[in-house]
Amino acid sequence: MSIFLNAILGQFLVIAVTVLATFAVTLIFKTSTTTNFAQGSIAALGCYVVADLLNKYKVPVYYGVLVGMVVGIGVGLVVDLVIFRKGRNVNAIGKQIITMGLVSVIFGGIPVIFGSPENIPFAPFYNYMELGAEPNFSFALGGGDIVISKNGLLNLGITALVITVIFLLLRYSKWGLGVRATASNEFTAELMGINTHMITAVSWSIAGALGVLAAAMYASSSAISPSFMTTIQVNAFLAAILGGFSTFYGPIIGAVLIPLAASLIGSLNSVLVSSGGSSSFDFARWSMIIVYALMLVAILIKPQGLFGKRIAKKV
Amino acid sequence: MAGLLKNDYLKAVAPRPPAGFTALSRLKKFFAQPANQFLILGALMLVLFLLNKINSNLVPSSIINAVATTFIYATVAIGFCLLLGYSGLASLGTAGFIGIGCYTGFYMMEQAGATYLVALLTALAISLALGIVVGFISLRIEGIYLAILTLGLSEILRNLLMALSSTIKISLANIKLFGVKVDDKQVFLLIVFMFVVLLILTGNLIKSPAGRAMLAMKNSTSAAQAMGISLMKYRLLAFVISTVYAAVGGLMYVMLIPNITTSTSQLFTLATSLNILAAVIIGGSKSLWGTLAGTFIIYGLNATVLNRIAFFSKNPAIIVIVTGLLLILVVMFYPGGLAQMVKGARAFIKRKAAAIRRRRYGDED
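Sequences listed follow chains A and B, in order.
Note that our numbering has the first sequence beginning at 17, numbered continuously upward.
Note that our numbering has the second sequence beginning at 768, numbered continuously upward.
Read the hints as simulated data drawn from the structure, not as lab findings.
Just so it is clear, the structure is predicted and the values come from calculations on it, not from any experiment.
Worth double-checking, as some hints may not be accurate.
[Said to hold, decoys possible] When the alpha-carbon atoms are kept at most 20 Å apart in a straight line, the in silico SDA-like pairs for lysine to any residue are as follows:
{"no.": "1", "chain 1": "B", "residue 1": "Lys985", "chain 2": "A", "residue 2": "Lys190"}
{"no.": "2", "chain 1": "A", "residue 1": "Lys190", "chain 2": "A", "residue 2": "Phe203"}
{"no.": "3", "chain 1": "A", "residue 1": "Lys102", "chain 2": "B", "residue 2": "Asn971"}
{"no.": "4", "chain 1": "A", "residue 1": "Lys102", "chain 2": "B", "residue 2": "Met1099"}
{"no.": "5", "chain 1": "B", "residue 1": "Lys974", "chain 2": "B", "residue 2": "Ser997"}
{"no.": "6", "chain 1": "B", "residue 1": "Lys1000", "chain 2": "B", "residue 2": "Asn971"}
{"no.": "7", "chain 1": "A", "residue 1": "Lys325", "chain 2": "B", "residue 2": "Arg907"}
{"no.": "8", "chain 1": "B", "residue 1": "Lys985", "chain 2": "A", "residue 2": "Ser154"}
{"no.": "9", "chain 1": "A", "residue 1": "Lys318", "chain 2": "B", "residue 2": "Ile904"}
{"no.": "10", "chain 1": "A", "residue 1": "Lys102", "chain 2": "B", "residue 2": "Gly970"}
{"no.": "11", "chain 1": "A", "residue 1": "Lys166", "chain 2": "A", "residue 2": "Asn22"}
{"no.": "12", "chain 1": "A", "residue 1": "Lys102", "chain 2": "B", "residue 2": "Leu1092"}
{"no.": "13", "chain 1": "B", "residue 1": "Lys1053", "chain 2": "A", "residue 2": "Pro127"}
{"no.": "14", "chain 1": "B", "residue 1": "Lys974", "chain 2": "B", "residue 2": "Lys1081"}
{"no.": "15", "chain 1": "A", "residue 1": "Lys102", "chain 2": "B", "residue 2": "Lys796"}
{"no.": "16", "chain 1": "A", "residue 1": "Lys102", "chain 2": "B", "residue 2": "Pro1102"}
{"no.": "17", "chain 1": "A", "residue 1": "Lys190", "chain 2": "A", "residue 2": "Ile174"}
{"no.": "18", "chain 1": "B", "residue 1": "Lys796", "chain 2": "B", "residue 2": "Asp950"}
{"no.": "19", "chain 1": "A", "residue 1": "Lys325", "chain 2": "B", "residue 2": "Ser997"}
{"no.": "20", "chain 1": "B", "residue 1": "Lys1081", "chain 2": "A", "residue 2": "Leu69"}
{"no.": "21", "chain 1": "A", "residue 1": "Lys325", "chain 2": "B", "residue 2": "Gly1103"}
{"no.": "22", "chain 1": "A", "residue 1": "Lys318", "chain 2": "B", "residue 2": "Ser932"}
{"no.": "23", "chain 1": "B", "residue 1": "Lys952", "chain 2": "B", "residue 2": "Lys1053"}
{"no.": "24", "chain 1": "A", "residue 1": "Lys318", "chain 2": "B", "residue 2": "Lys796"}
{"no.": "25", "chain 1": "A", "residue 1": "Lys166", "chain 2": "A", "residue 2": "Leu184"}
{"no.": "26", "chain 1": "A", "residue 1": "Lys318", "chain 2": "B", "residue 2": "Gly910"}
{"no.": "27", "chain 1": "B", "residue 1": "Lys1053", "chain 2": "A", "residue 2": "Lys325"}
{"no.": "28", "chain 1": "A", "residue 1": "Lys318", "chain 2": "B", "residue 2": "Arg907"}
{"no.": "29", "chain 1": "B", "residue 1": "Lys985", "chain 2": "A", "residue 2": "Ile109"}
{"no.": "30", "chain 1": "B", "residue 1": "Lys985", "chain 2": "A", "residue 2": "Lys325"}
[To be verified] One side of the interface only, derived from the structure: several residues of chain B facing chain A at Cβ under 8 Å:
{"no.": "31", "residue": "Leu906"}
{"no.": "32", "residue": "Leu956"}
{"no.": "33", "residue": "Leu1003"}
C-beta: ideal position from N, C-alpha, C; glycine also.
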């Protein structure tokens, strides 16, 4: 029992990061009808700025991350204004390829801007916040120790707050109404007097900012490099498909499910051992394969995603 | 009367006999055949190989290596070209399919001690089965969703490779063809041979009814179905071809670069799938020569040309940036890729030449 609980609680950081990345991907997909492959690399670019600010200029962590998010907003805006506004007639696959061209440009650009070292040491959020010497909360429960990482809890809290605010905005603000209208049909939304240019520009900047926030959080558990967000980004795409692109909450539930499922399956070995049995099958090694395979089956059964609605297609 | 009219009509539309059936026109006809063009490409590569063998200063081995790498990725890319350009199906699973080819080659040749031909046949069989599975998936899920789903499949295959073996390594002693051991130079010839054969096969397939059916399917699935084209048959075919080509590419890769660490190698990640996609788009998704040129720009240009220029060899990042910019510009302004640019340039020259002729000799009519 405690093993399962720990497996869940240990994933707080990854869940927080994946949720942010998934929301950014979904927002772009809904307003610009493309999957943004550059999401991860824009985030990495912002994270390099944050790392430089924190390590070289000793800026307090809040300001550092805020400046990084502003950079993310800037990059997102430039991408939308310079490329996507001009390339409206490009088809969906073309747009995907444009975003991967961006990946190339950013991958090449990072060493030019930030010098040759691949990994910039980046201390966790946690150290800067002075939350005490003990990195975890731990207590006994049901015959086992439960460990909760303070860093993970903190990041999950920030994510929950940010996502809640954005959901409220989507539900009640004029911008949110515009986003929902643009997502349902960009052309009609334009005819109805919605400034779709503005909507997509704001969406790209929000996606950029969320990406940098996610990257700054993830940097506490992984060394940063131009491609350090790739795994998260791939999971974000899959989570969005699993949850279904037609709602905003579906992808987020998908983003919570994938790391949880992987961690739970990975912990099966120690569960088997602790309950007296033994297993010859290494679950930890095969956990991602099992999760992806399960997800594939789920999508094949429900192609619109777990929470998606079937959309009738006019021929 | 009617007969007379018919005769006149036939006379008018009948192709005029060529003015002079000279050697030049015969040569032109020979070069117009795609299969002959591909054979000539193979012959040129043979010359390159011989020059390298005679004197390695003349053609350095790094160029041979770059050409081989280009051909390997181009094999994958022409399979993908058939999938994207002719059938209109987007897939991001290429890297995983390459991985399957790599692992099969490694397992059969290194661990089971099989010959190259047996390994090739096994790789074909496995990738065929995989292609059929993906083809069935594509009947249910379309567009961007399909792309992301195949990305998931590719991740499964990558994780599978990592779980199966930490390194993929073939010692040259274990590459056997018809009972003869092949050295690393002859691997190049093998790659060229495989590539040219696949190129000719693909060129013929495009011109065949199956190729036309795929093109119809791309333009409108509903219209194609109304014309009696079985969506299932041709989608399966398209996916089978692209997976098989990718697996063959993987098999060739593992022979050329025989030591891959599965967990750190970039070969099995999204980056490879995207690069293949980029190669096909830059080159022109409906042209085999264009695809080859696109692959060369992404995989071969660096080692053959740019590294010899001091500026680029000092700033390798610039090359990556330029590739990215090129990709964006091509998609935004030349959706047909390099093939369209060449076509446009040719038409431009023809127009200009006609204008000059008119100015000099007056209107012909």
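How the hints compare with the structure:
1. B:Lys985 with A:Lys190: violated, 40 Å
2. A:Lys190 with A:Phe203: holds, 18 Å
3. A:Lys102 with B:Asn971: violated, 38 Å
4. A:Lys102 with B:Met1099: holds, 8 Å
5. B:Lys974 with B:Ser997: Holds, at roughly 18 Å.
6. B:Lys1000 with B:Asn971: holds, 18 Å
7. A:Lys325 with B:Arg907: Between Lys325 (chain A) and Arg907 (chain B) the Cα gap is close to 15 Å, so the pair holds against 20 Å.
8. B:Lys985 with A:Ser154: Status violated; Cα separation ~58 Å.
9. A:Lys318 with B:Ile904: Satisfied, since the Cα-Cα distance of roughly 12 Å is no more than 20 Å.
10. A:Lys102 with B:Gly970: The hint is violated at about 35 Å.
11. A:Lys166 with A:Asn22: holds, 13 Å
12. A:Lys102 with B:Leu1092: holds, 15 Å
13. B:Lys1053 with A:Pro127: violated, 35 Å
14. B:Lys974 with B:Lys1081: violated, 45 Å
15. A:Lys102 with B:Lys796: violated, 43 Å
16. A:Lys102 with B:Pro1102: holds, 14 Å
17. A:Lys190 with A:Ile174: Between Lys190 (chain A) and Ile174 (chain A) the Cα gap is close to 24 Å, so the pair fails against 20 Å, i.e. violated.
18. B:Lys796 with B:Asp950: The given pair, whose Cα atoms are some 38 Å apart, is violated under the 20 Å limit.
19. A:Lys325 with B:Ser997: violated, 28 Å
20. B:Lys1081 with A:Leu69: With a Cα-Cα distance of about 28 Å, the restraint between Lys1081 (chain B) and Leu69 (chain A) is violated, given a limit of 20 Å.
21. A:Lys325 with B:Gly1103: violated, 35 Å
22. A:Lys318 with B:Ser932: violated, 33 Å
23. B:Lys952 with B:Lys1053: violated, 32 Å
24. A:Lys318 with B:Lys796: At roughly 54 Å apart (the allowed maximum being 20 Å), Lys796 (chain B) and Lys318 (chain A) break the hint.
25. A:Lys166 with A:Leu184: violated, 27 Å
26. A:Lys318 with B:Gly910: Holds, because 16 Å separates the two Cα atoms, which is no more than 20 Å.
27. B:Lys1053 with A:Lys325: violated, 35 Å
28. A:Lys318 with B:Arg907: holds, 10 Å
29. B:Lys985 with A:Ile109: holds, 13 Å
30. B:Lys985 with A:Lys325: Judged against 20 Å, a Cα distance of about 26 Å means the pair is violated.
31. Leu906: violated, 10 Å
32. Leu956: Status violated, d = 33 Å.
33. Leu1003: violated, 16 Å
Checked against the numbered hints given earlier, this structure breaks hints 1, 3, 8, 10, 13, 14, 15, 17, 18, 19, 20, 21, 22, 23, 24, 25, 27, 30, 31, 32, 33; the rest are met.
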